[in-house]
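Chemist: Can you make the complete structure from the sequences, with help from the hints?
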Amino acid sequence: MQRTFSAFAKNDYAKYPFLKAAIKHIQTLDLKIQDLIDPDNASILERAQQRLEEAILDSIVSLDLKHVDIEIVSFPVAVMLAIATKDSFIKKRYALAEANRAYEELLLEPREKIIQLAENFEWKIAATHDSGLPYEFTVSFVDYLRNTTHLRETQWKLVNRMLKTGTVYLRMDDVTRLLKEEVRRHIEQRLDTEELPVLPAKMIEIAEKMKKLVEETIGKTEREGFPRTVTQTAFPPCIQSLYQAFSTGKHLSHIGRFTLTAFLASIGMPTESIIDLFKSFSDYSERMTRYQVEHIAGEKGSRTRYVPPKCETLKTHGVCVNPDELCQRIYHPLTYYRRKLQR
Amino acid sequence: MDSRAFVQNMFREYYAKDFSLGEDFPSIEKREFGFASFGGWMLRHKSFKTAEELEFFLQDSVPYGAYFSCAYYEDPEADMNKKGWLGADLIFDVDADHIPTSCNKIHDEWVCGSCGFAGRGIEPEKCPSCSSEKIEVNSWPCEVCIETAKVEIIKLVDFLVDDFGFSEKEIRLFFSGHRGYHVYVQTKSVEPLDAIARKEITDYICGRGLRFSSFGLDGKVLATKKGAFKVLADLGWRRRIVRGIKDAILNADEQKLASFGFSNADTRAILENKEKILIELEKSDKAGLIKGIGPERWEKIVNLSVSLQSAKIDTVVTTDVHRLIRLDNSLHGKTGFKKVEIPMSAIEDFDPFKSAVAFTKGEVTVLVSSAPAFKLDDETFGPYKNQKIELPTAAAVLLVCKGRAEVIG
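So the protein sequences, as listed, match chains S and D. Using our numbering, the letters of the first sequence map in sequence onto residues 7 to 349. Using our numbering, the letters of the second sequence map in sequence onto residues 997 to 1405.
Calculated from the structure, these hints are not laboratory results. Model, not experiment: these values are computed from the prediction. Keep in mind that the hints are not guaranteed to be accurate.
Here are the computed distance ranges between Cβ atoms for each label pair [unchecked claim]: (1) Arg1264(D) x Thr171(S): 39 to 47 Å; (2) Glu1278(D) x Lys98(S): 47 to 55 Å; (3) Ser1057(D) x His156(S): 38 to 46 Å; (4) Pro329(S) x Met1038(D): 32 to 40 Å; (5) Ser1033(D) x His260(S): 49 to 57 Å; (6) Lys346(S) x Ser1033(D): 30 to 38 Å; (7) Phe1021(D) x Arg117(S): 42 to 50 Å; (8) Pro243(S) x Leu1246(D): 36 to 44 Å; (9) Glu128(S) x Ala1114(D): 31 to 39 Å; (10) Arg1264(D) x Leu114(S): 50 to 58 Å; (11) His257(S) x Ser1033(D): 37 to 45 Å; (12) Pro1379(D) x His257(S): 31 to 39 Å; (13) Pro1379(D) x Pro276(S): 35 to 43 Å; (14) Pro276(S) x Ser1033(D): 53 to 61 Å.
C-beta atoms are modelled at their ideal positions from N, C-alpha and C, and glycine is treated no differently.
Modeler: In structure tokens form, the structure reads like this:
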């Protein structure tokens, strides 16, 4: 059995190349970007490209423990390639695929190793020995929430967990699942940048190739986007109700207004048409309305286009009404709309 | 004197002589401040480097309401999306407006904005006369309302300490100055929580999305498995559910159960098995299956427990990571009360009609149109109907702020 203070081994760096210790290890190699096009290092670049291809095609990266050194170094190179694509789909998919791979390995790790890995991400985690409890770990609720808020199954809701003085009691498989989320978010954050050193032409070429690969193999709907026309019959019941209330000049709560505006903007209703809707409203002010709608639609301000809250949030705030059969199978009003359009 | 000028003068005096922000106000320079004026406009995106600077501003501007952000920003004066959000305190609001109370809000007055039709109590969704939905409410800060809110706050604090593990130092309680309470959790670990994480916290406290089976307490298990209460440790909501059932069953009588919405048959079954249910909860070896309480009845009992144990907080406030909230020790324009901090140990005995009184000197003559009886600083007033009367300043300010009296002379 490993002792808790033992450092990670090289094999661990290959399995989990995003660890702080792995990054340190790579730094000691003192490899420069220009070195990557050196024929002696061809296998690094090849493996990096392969990592991305596997991510795009299979949503999981393979693990090659026969060539540990290449396995370790090819990770930061693949990260650079992913950034160079400037393609949000590729970035997301790559982070997910690396996390999926790490997860497969995590499932095989002993409890002590799991704790070390979690501590790499500064989790407050401890082994619990409470007899009579079917749990192996306690994790601070903050670490728990950070990694569960977009898991949809109700079992992940904090309210359904054993919470005591700030820690959540968890089983081994819960913790590995949470760690997978942590890894995915961690890599996504690393990819969330435009800043890159000047890359050799060969690397730019690979990035372009990856974009082509996505275009050829991934369906348009998966790469997102709604048709330009608004189909009212495909609105989910909550939006339908807000829309009707609104267009007849009834009062809507703040969150109701936001949900409706963000929904309509997200499915491509022109800003002017949304503002027209607001005109029926008794406290209508053209200036304020324009300001709010344009911000939510991402035309002004931060340019973030807001999306409506997910179903669960709408339930919390009492916006969810008359859920129908399709509602049972979706988690977001936009998904409802997309599914209904496909029918 | 005009009534608005009177209130404004009193507020001016308060901010000049009595106001102080208090020592415990972390990172003032990173907060956004907002102010509502007596004229009805709103000033936002202000910031202050020091408490003195803020105090000077209040003396100078004499706002109707003063607010600060739960959020910390790099640049609090910038446009919303350029402020640079650094984190936020975790805040809670419990307001009697959102909770059913035994007074039934009979002291509240409402009037239809379209046709002028008026009434008392909980306002209707639509005007009974013209069906307009523009209903304006003139609420009253009644003792029953505020007491009801206090019960919810005590439940909330129990969640924050026992389940979330915050220390008493990290939790701060305030009376809002009107009909509710605010709670701040101020500690580094909560600052980065996003809106979704905060929503999970509110769902936890409201018991929303709770699945009984997560705790081995679904009706089917309780009705068919012996000793279902024995198998798991009482942690989290499981502990609360067990506690809630015990409370509800111990005090159960026909009237109570009916008020919780139980049918006659349910009520009879529960009362007949009261002892057995309590034994079951004690986890004693005598526990066994209870005839007459099937899966559905168990679910109803557990449901009742959850609704009794949850705290009725305003979910929108907690999930808004940019929220502006009333400033500590500032005056509430609807009452003339100040928002005051309550030491955790004093919450049970806290009396806002004493501790939140900002004006303690002088008398003012007012013409009261209508007001229910109320207590202020241990003195009882009213009820009043169309009468001229000399009142202590705080009582006069309250009635004028509420639009129920005019200053004379």
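Chemist: Compare the structure with each hint and give your call.
Modeler: Hint check:
no. : hint                               : in the structure
1   : Arg1264(D) x Thr171(S): 39 to 47 Å : holds (41 Å)
2   : Glu1278(D) x Lys98(S): 47 to 55 Å  : holds (53 Å)
3   : Ser1057(D) x His156(S): 38 to 46 Å : holds (43 Å)
4   : Pro329(S) x Met1038(D): 32 to 40 Å : holds (37 Å)
5   : Ser1033(D) x His260(S): 49 to 57 Å : violated (22 Å)
6   : Lys346(S) x Ser1033(D): 30 to 38 Å : violated (48 Å)
7   : Phe1021(D) x Arg117(S): 42 to 50 Å : holds (44 Å)
8   : Pro243(S) x Leu1246(D): 36 to 44 Å : holds (42 Å)
9   : Glu128(S) x Ala1114(D): 31 to 39 Å : violated (59 Å)
10  : Arg1264(D) x Leu114(S): 50 to 58 Å : holds (57 Å)
11  : His257(S) x Ser1033(D): 37 to 45 Å : violated (25 Å)
12  : Pro1379(D) x His257(S): 31 to 39 Å : holds (32 Å)
13  : Pro1379(D) x Pro276(S): 35 to 43 Å : violated (56 Å)
14  : Pro276(S) x Ser1033(D): 53 to 61 Å : violated (37 Å)
When the structure is compared with the earlier hints, violations turn up for hints 5, 6, 9, 11, 13 and 14 and for no others.
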